[in-house]
Structures are given as C-alpha cells and as structure tokens.
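Engineer: As a plain string of letters, each chain reads:
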Amino acid sequence: MSDALRAEWTKLRTVASTGWLLTGAVVLTVGVSAAVAAATHVTSGQGQDSTKLSLTGIYLGQTVLAVLAVLTITEEYGTGMIRSTLTAIPRRIVLLAAKAATMAGLALVAGVLAVAGCLLAGRLWLPAAGLNPAHGYALVSISQGPTLRAALGSVFYLVLIALLGLGVATTIRDTAISIGAVLGLLYLPPILAQAVADPMRHHLLQVAPMTAGLAIQATTDLGSQPLAPWAGLGVLAAWTVASLVLGGVLLRLRDA
Amino acid sequence: MTVTPPRLTKGPRHDGFTPLLRSEWTKFRTVRGWVIGLLVAAVLCVAFTFLTTNDTHEGTCTGPPPTGAGPNSPGTGCTTGHPFVPTGPGGEAVADSYQFVAQPLTGDATITARVTSLTGLTSTRPANVAPSLANTRPGLAAWAKAGILVTPSTRQGSTYAAVMATGTEGVRWQYDYNDDRAGLPGSVSAASPRWLRLTRTGDTLTGYDSTDGAKWTEIGTTQLTGLPATVSVGLFVTSPVTFQDSNSGTPTQATATFDQVSIDGGVAGRAWRGQAIGYGSQSFYPTLGTGSYQRSGATFTLSGSGDIASGVGAGLLGTDTAGSILLFGLIVGLLVMVVVAALFITAEYRRGLIRTTFTATPNRGRVLAAKAVVIAAVAFLTGGVSVLIAVPLGEHLLNHNGSYVFPASPVTVVRIMVGSAALVAITAVAVLALGSILRKSAGAVAAGIAVFVLPYIIGSTLTGSAEQWLFRLTPAAGFAVLGALPRAAQVSYPYTLANGYYPLSPWAGLAVLGAYAAVALGVATFLVRRRDA
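Chains as they are written, first to last, in our numbering: chain A, 24 to 279; chain B, 66 to 598.
Just so you know, these hints were derived from the structure itself, not from any lab. In this text, a Cβ means the ideal position worked out from N, Cα and C, and glycines have one as well. A couple of the hints might just be wrong.
Derived contacts from chain A toward chain B, CB cut-off under 10 Å, selection only [stated by the list, open to error]:
hint, residue
1, Leu-83
2, Ser-107
3, Thr-108
4, Asn-155
5, Ile-200
6, Ser-201
7, Gly-203
8, Leu-211
9, Ala-218
Bound-form chain A, shown alone (with noise of 0.2 Å):
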C-alpha cells in the first residue's frame, strides 16, 4: 500500500496542472468569498448568516477540486498509463485506494487553506457590510461552536467532493463526459428544486449531494434547512462511499 500511495503521490505531484489547480480552488473559493463578503450590503435586522456568507466561495471552488480528483484517474485512461500503472500494482483495489487517500490529502490541505482564507475574508468584510454587533451579528469566529462546525463541516465537504468526483470518474474513464457528469450532479438538483414542488422539492433537496452537504455551512436558522448539518455531510458521505465503491467493483471487473 505504501508504494502504491508513494507511486500516486509521485504522479500527481510531477504533473504541473496538479498545482495550479490545487491553487486554483484556494485562490477562487477565497475570492468568491470575498467579493460576495464585499458586494453584500445589510440595513436591517437578522435573517443573515455571517458564516454561511463568509463561505459562499466553496460553490464555485469546489469544481476544481472535482475537476482534479477526475483528472486523476481519466488521465491515465486517456493516455494508456492506466495499463503500466495496473502492472505495477496489480490489486485494483489497492490501486483505488491510494489514488482516494491521496486525493483525500490534497483536498484536505486545500480545503483548510481555502475555508481559513474565507473565514478570513468575512471577518474582515462582513462587519462593513452591515453584519455587526452594532446589527446584533456576531463576528466571525471559530472560537463560536456552530462556526467551527461549519469550518470543518466545510473542509470535509471539499474532500467528500473530490472523492465523489474520483468515484465517479473511475466509473465512467472519460474526462469530458465524468466532469459533464460530477458538474451536473452538483448544480443540477438546486435549479430542478426551484422548478417542482414542495413535498418533492424538499426530499430533492435533502438527497442531492451538494445541497445535503452544504447544510452543513448553516449556523443559525436551521430549521429552513432540509438537513441537520451532520446528517447532510453523511448523505454526502453517502454518494461518495457509493460512487467509489461503483468505481471499484468497475476497476475490478473490467479491462483497462
């Protein structure tokens, strides 16, 4: 297993796109965040959540990830690496595994970096923006328990997304068409929610993979949310382990 994660740490290392995708998320999430954090403009009285504001970025940064985590494994199928990297480690399995752990690893790092960076932004944005204790709104801490459970709620959800979007990605083989698929199984079912009803809008909201798992940004007013935080991150959770394990039997049954 080690030399399977130390073969996968090499790949994704020595490939240039690794970095500036890895970049790419930080650098977005945080400045979607901070120009939400800047364009936002409160008058009156409560109804606003600072820290789901201050993360707004992860809607959008949360593609690259998704597009990385793809990459990984389409890449190889694409340019026939996946064969000599099969002969190397024959055990299709351990193989998946060290791509996931890896994949896990980065989203991690950029997760952090990402979600303290939009922390950041809205604690330093948001109280000009109206969101002030003179307007009766907490700063944005950690220090606060629901905020922290956003914060790492938050960095698990990057690294749930990335490991669906390996998932997935092992299930289908093709660039394109994976991050066709990984995109429109996160964006698609918010807009579908605007379009039905209720008693159906509401179980949409509750088992598709992004909007379950971004329950767990809300800190206050959670009854409008169509999860408890933690059960929206283990939906999520879900549709990860799913999709990998998909991907797996896949791996294992088919010929690369």
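Please build the complex by placing chain B on the supplied structure of chain A, with the hints as guidance.
Structural biologist: This is chain B only, laid out in the frame that chain A set:
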C-alpha cells in the same frame, strides 16, 4: 514542326469548403459516443421538462394542512385550477376589472366629463389575507384611473377606448389594453380639474383633454374595426395592485368625482346604470372593496378597484409561459451539449488526429470554421427537435394540472423555439472554440460549464442589481430567448427575473451570447494558426 504541349487536365478541386464540411460531418457522425450524446441531450431536455411541469399543481386550498404534516404541506379542501383570466382582442392575457356607470348609445356622439377629485385607499392587510375596506390607509395608486370609456360589450376582455385622468401619470388615452398615449401631466384636484372628452365617428374614436372645458387638445385617436352601432358609454374608475412595498402586491381602491357630464349627438339611453365589472373570487385580479356609484344631480361619485391593462405575472398569475416551461430542460440539455462540443475538437488533439487534419487542410482557420458549422448545425437540430416536443408537452401538462399558462401567439412560440435552438447552437460553437483554445477536454468541459451554464444558476439565486447585470453581461443573457411575459409601460410592476422578466429582449440577449462566442472563435482562430498542433 510544332509540338503541342500536353493539355493539363483539371481534376476536381479539393480545397473547397464543402468537402471540408463533409469530412468534419463524417468525423462527427462516425463517433458513436457523440451521436449518443446528442440523443441523451434531447431525451434529458424533454424528460426534465416533463418532470418539472408534471409536478406543478395549481389550486386553492381553503383549509390548513392536515395535523402532523409539515408547514409546507398542501392544505385541505383544495380545488385545482386557476381563477378566470380574461383574454384581450389580440388573444393576450388582460386585467379587466372596474366600476362602470354607463348607458347604451347609438350613432356618432361626443361624451364630455370633468374630473374634480381622485383619491385612493391602499390595503394594509398582509398579502395572504383577503383585503378589506376596514383595513386601509389613504394612498392613491400611480395608475389609478378615472375617465370616459366606450366599449361594445361589458364582457371582460372586450375591445375598448378610454380617456382618463390617473393618480400621478397625467391624462391618458388608452385602448385595447396595450396602447397608451400621454396627455396633460399632473394630478387632479378641485383647484386643477381635468376635462375629458371622447368622440365617436363611425369606427373612429378620439380622446381630448382640457383644463378649462373651452380649449381642447387631441391626445390620440384609434379605429376599433367592427364597432357596432350601439355601444356602452360611460364613466369608469379603477385602481390597480401596487408593488411599491411588497413583491406580492397590495390592492388599492380609487374614488373619483365627475361633473359636467354630457352626451351630444347620437341616441342615448334613458338612464345611467352602475355595473361592477370583473369583481368576485372567480376573477384573478385582486380588488379592494366591491365598487360603488352614487349620483346626486349632475355629480357622479364612483369607487373602483382593479385595472384595465395587460395582465402581468407573479403574485397575480404565476409566471408559466411557453418559454419558462423549457428552462430546466434546456439547462440540462446544454450541459450535455457542452461535453459533446468540447470533445468534438479536444478528441482530435488527444488522438493526434488534428495533425492529419491540418496536413489535409493546411488552412487551419477553415478547419475550425467547418467544425463550427457542423457543431452549430447539429446542436441547432438537436435543440430544435427537443423544444418542438418539450413545449407542447409542457403546456399540455401544465394546463392539465390546472396551472395558468400565459397565452402566446404562434409568432412568439416560434421565436422561443428558434431562439432556444440558437442558444444551444451558439453555446456549442463557443465551447468548440474554448476546446480549441485549451486543447484539453477537462479544461474545455469545466470552463464551458462554468462560463455558459453556471452564470444562470448563480444569477437565479441573486437579487437586485447584481442579478440584472449578470443577465445583461454574462452568457446567461442568452436565456432571454425564453422571455415571453408581456411587459407594459402602463402597468407598474417589478419586472424582475424572479417574476419571469429578463432584463434584455430575446434577440439582444442572444446577441450578448453570440458576442462571447465570436470572441472565443476569434481567439481560437488566432491561436490555432500561431501554435504548433
């Protein structure tokens, strides 16, 4: 001895554009995955249109949700169906509710009246409680109307012409719900009354206004073809829902005092008769009070609520149109089309086929052009077939489920269908150009989705000016082709995206998207010529 040089035979030319198109088309149709991709796009587009429209139910519930059910569950005692919406002379949805005091009039005539006061009341009840005259505050709607109206029939939606004083919009000449022309500015008071005059000559109706009853100015004129000899003429008052304080609208009522009422010429009836047009729970337009009319001598006092104008959407009617039905299916179809269009070029780079292509056709710009034509045609056809099925299917399901679908003329429906197919085609060309710039499928698909699909998704969650600019400046502007709701200058209404109104007109929106595609194609042509393949 002379030698005739051998004549050079002219073979078929191989550098034409048609063979290039044929070779690109062959490449496209022989990759099974791409053809399947088109089918998937079309099937998903129709399937998601089915899903979203089939789950939309409209109805009114009189009871609370059953005990134990969530707060968002439907109530009890529900009936499906939407309230009655009148249809205007052009087949469009209209509001036609007002207090009328009229008499039949045969032949050509001139009707004159003076408006000496126009005041109003605004409901103070929350939007979900039936408005009542007991809960009001003084407040005159900007488009409260009081004036003279001629119509062949008091049936809602019938043709009419009217000259009127309004709350703050001055004197107006309006006819057939859409046409509006301004006369004297300013509001009405006892110190500054407004004289109104409407003349009928055959089918021609003309509106005049005056401040003193002596010096008259013509505001506008119109022909109402087929106007019968006997029409209803009289005084009317109405006052529309205002949207200043809330997005769901607040009903208002206006009261006007008329005097100096006269009818010259024609054969008038003997008595004035008050009629409240379009009131009651079966009418879609919210009204305040039931309308009333009093007469003492030559002075008429009318109170009315409602509007005589184009019907507008949310808060009153919902926003379902032949265009809105398509929205979700189109986004899903676009997502698949982005993948196919990106692969159409990046696969050549991945397999090295691009070098063979460029060897066969050294003019690289033409290769890109041929590819763009093929993908545009394929995307246009796929989009066109999808919407040709999806629009009638969606409309049928919505009508079946009791929802109100705004009537659209055949021209509008064709415009929506052609526009949607063009939206898919232009997006496909733009993504092809992106793929040619980036040369990697991962980048092309991710960038294609991020640039051409995500702005819509992000934009639909924003509010206010950010949303307006997003739908003007980003590729999401192209979704304006789905806009089909009527927009009327003489109806004060929040014409926002949430209410189904795009900030740009359909073709302007498509042009914004086209500009993005053109820039991408220009950069791609430049790069494909400069770089080694």
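Engineer: Should the interface hint for A/Leu-83 be scored as holding, given a Cβ-Cβ cut-off of 10 Å against chain B?
Structural biologist: OK, holds: A/Leu-83 within 10 Å of chain B, min 7 Å.
Engineer: Taking 10 Å as the limit, does the beta-carbon of A/Ala-218 come near enough to a beta-carbon in chain B?
Structural biologist: holds, 4 Å
Engineer: Would the stated hint for A/Ser-201 survive a check requiring a Cβ distance to chain B of less than 10 Å?
Structural biologist: holds, 9 Å
Engineer: Let's test the interface hint: is any C-beta of chain B closer than 10 Å to that of A/Ile-200?
Structural biologist: Holds. Min distance 6 Å.
Engineer: Given a cut of 10 Å on the nearest C-beta pair, is the interface hint for A/Gly-203 held or broken against chain B?
Structural biologist: Check passed: Cβ of A/Gly-203 comes within 4 Å of chain B, closer than 10 Å.
Engineer: Double-check A/Leu-211 for me: the hint is only fine if its C-beta lies closer than 10 Å to a C-beta in chain B.
Structural biologist: Result: holds, 6 Å to nearest chain B Cβ.
Engineer: Does the closest beta carbon of chain B sit nearer than 10 Å to the beta carbon of A/Asn-155?
Structural biologist: Result: violated, 21 Å to nearest chain B Cβ.
Engineer: Taking the closest Cβ pair, is A/Thr-108 under 10 Å from chain B?
Structural biologist: Violated. Min distance 18 Å.
Engineer: Using the nearest Cβ pair, does A/Ser-107 come within less than 10 Å of chain B?
Structural biologist: violated, 18 Å
Checked against the numbered hints given earlier, this structure breaks hints 2, 3 and 4; the rest are met.
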